[in-house]
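A.B. asks: Please construct the entire structure, taking both the sequences and the accompanying hints into account.
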Amino acid sequence: RWEHLVPQGYEPETIMAKYAAQIDQITEGSPEDDALMEKIMAEFNTAPSNASLGGKRIRLPGFISPLDEKDGIVSEFLLVPYFGACIHQPPPPVNQTLLVRPLADKSVEMDAIYEPVWVTGDLKVENTKTSLASAGYLIENAQLEPYTEEDAAADEAAEQAAMEGISPEQAAQEADKPGTPDTTTPA
Numbered sequence: 060r061w062e063h064l065v066p067q068g069y070e071p072e073t074i075m076a077k078y079a080a081q082i083d084q085i086t087e088g089s090p091e092d093d094a095l096m097e098k099i100m101a102e103f104n105t106a107p108s109n110a111s112l113g114g115k116r117i118r119l120p121g122f123i124s125p126l127d128e129k130d131g132i133v134s135e136f137l138l139v140p141y142f143g144a145c146i147h148q149p150p151p152p153v154n155q156t157l158l159v160r161p162l163a164d165k166s167v168e169m170d171a172i173y174e175p176v177w178v179t180g181d182l183k184v185e186n187t188k189t190s191l192a193s194a195g196y197l198i199e200n201a202q203l204e205p206y207t208e209e210d211a212a213a214d215e216a217a218e219q220a221a222m223e224g225i226s227p228e229q230a231a232q233e234a235d236k237p238g239t240p241d242t243t244t245p246a
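Take 60 as the starting number for the sequence shown in this note's numbering and just add one per residue.
Check each hint, because a few of them may be wrong.
Estimated spans, in silico, between C-beta atoms of each pair [stated by the list, open to error]:
no., residue 1, residue 2, range
1, 72, 129, 34 to 40 Å
2, 131, 74, 35 to 41 Å
3, 134, 185, 16 to 22 Å
4, 87, 223, 18 to 24 Å
5, 132, 181, 35 to 41 Å
6, 78, 131, 38 to 44 Å
7, 70, 223, 21 to 27 Å
8, 135, 69, 25 to 31 Å
9, 162, 70, 33 to 39 Å
10, 174, 98, 32 to 38 Å
11, 185, 73, 22 to 28 Å
Capping the alpha-carbon separation at 30 Å, the derived lysine-lysine pairs in DSSO-like fashion look like this [stated by the list, open to error]:
no., residue 1, residue 2
12, 129, 165
13, 129, 183
14, 129, 188
15, 165, 98
16, 77, 188
17, 129, 98
Don't read these hints as lab results, they were simulated from the structure.
Quick caveat, the model's predicted, so the values are computed rather than measured.
From the three backbone atoms N, C-alpha and C, an ideal C-beta is built for every residue, glycine too.
C.D. replies: Okay, here's the thing in structure tokens:
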């Protein structure tokens with residue numbers, strides 16, 4: 060889970076909250092906006108990584124921000140928690156950005172970068188500066204799989220279970236009971 064990449068006690072939301080009033084007052088694209096974004100990014104780029112995850116095998120869903128491609132195949136990319144990060148939006152904090160080098164001949168085509176993927180591999184805690192953003196983690200020889208609707212439903216059930224303090228299996232059983240309100244869709 061993405062939240063495990065952030066060490067306990069570090070709260071990236073405080074960075075944005077600190078600058079919220081300034082962000083609201085500055086014209087987007089102005090020199091002041093550029094200067095403020097540079098200041099915010101400097102703080103994001105010093106965000107601590109979770110050293111306890113070094114050497115652990117992980118499986119994490121996310122979105123691809125390509126760094127390098129060869130013959131239409133992405134050979135190196137940043138895995139980020141939300142679509143458009145590093146390309147259409149500012150990059151996430153360094154501890155929410157992974158540099159991924161897929162297994163040879165096991166990556167995705169450039170046409171498929173708009174869809175989320177699962178990345179599986181051994182995590183290294185290593186800061187790397189790339190052309191798009193800095194990354195706090197590295198996975199080499201990563202395995203990639205498409206992220207499916209079933210995966211999204213399972214993730215949602217697991218998150219709901221965690222909030223309710225029950226196991227994902229219990230949450231699934233509760234959701235299947237007749238008359239149980241659906242808490243996953245807005246009213």
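A.B. asks: Now look at each hint and say whether the structure bears it out.
C.D. replies: These are the hints, each one checked on the structure:
1. Between residue 72 and residue 129 the beta carbons are some 38 Å apart, a value that agrees with the proposed interval 34 to 40 Å.
2. Between residue 131 and residue 74 the CB atoms are about 37 Å apart, so this pair conforms to the stated range of 35 to 41 Å.
3. Separated by about 18 Å at the C-beta atoms, residue 134 and residue 185 satisfy the suggested range of 16 to 22 Å.
4. Distance hint check: the CB atoms of residue 87 and residue 223 are about 39 Å apart, inconsistent with the given range 18 to 24 Å.
5. At roughly 22 Å, the beta-carbon separation of residue 132 and residue 181 lies outside the given 35 to 41 Å, and the hint is violated.
6. Separated by about 39 Å at the C-beta atoms, residue 78 and residue 131 satisfy the suggested range of 38 to 44 Å.
7. Evaluation of the 21 to 27 Å hint for residue 70 and residue 223 yields a pass: the beta carbon distance comes to about 23 Å.
8. Under the hint 25 to 31 Å, the C-beta atoms of residue 135 and residue 69, about 27 Å apart, fit the expected range.
9. Evaluation of the 33 to 39 Å hint for residue 162 and residue 70 yields a pass: the beta carbon distance comes to about 35 Å.
10. At roughly 33 Å, the beta-carbon separation of residue 174 and residue 98 lies within the given 32 to 38 Å, and the hint holds.
11. As the Cβ distance of residue 185 to residue 73 is approximately 25 Å, the hint placing it in 22 to 28 Å holds.
12. Taking the CA atoms of residue 129 and residue 165, the gap is near 13 Å; set against the 30 Å cutoff, the hint holds.
13. Distance hint between residue 129 and residue 183 is fulfilled; the C-alpha atoms sit about 25 Å from each other, no more than 30 Å.
14. Proximity of residue 129 to residue 188 is assessed by CA-CA distance (about 21 Å); at most 30 Å being required, the pair is judged to hold.
15. Proposed proximity of residue 165 and residue 98 is contradicted: the alpha carbons are some 38 Å apart, above 30 Å.
16. Only pairs whose Cα atoms come within 30 Å are accepted, and residue 77 paired with residue 188 is accepted, the gap being roughly 25 Å.
17. At most 30 Å may separate the alpha-carbon atoms for a hinted pair to count; residue 129 and residue 98 exceed this at roughly 34 Å.
When held up to the earlier numbered hints, the structure conflicts with 4, 5, 15, 17 and fits the remainder.
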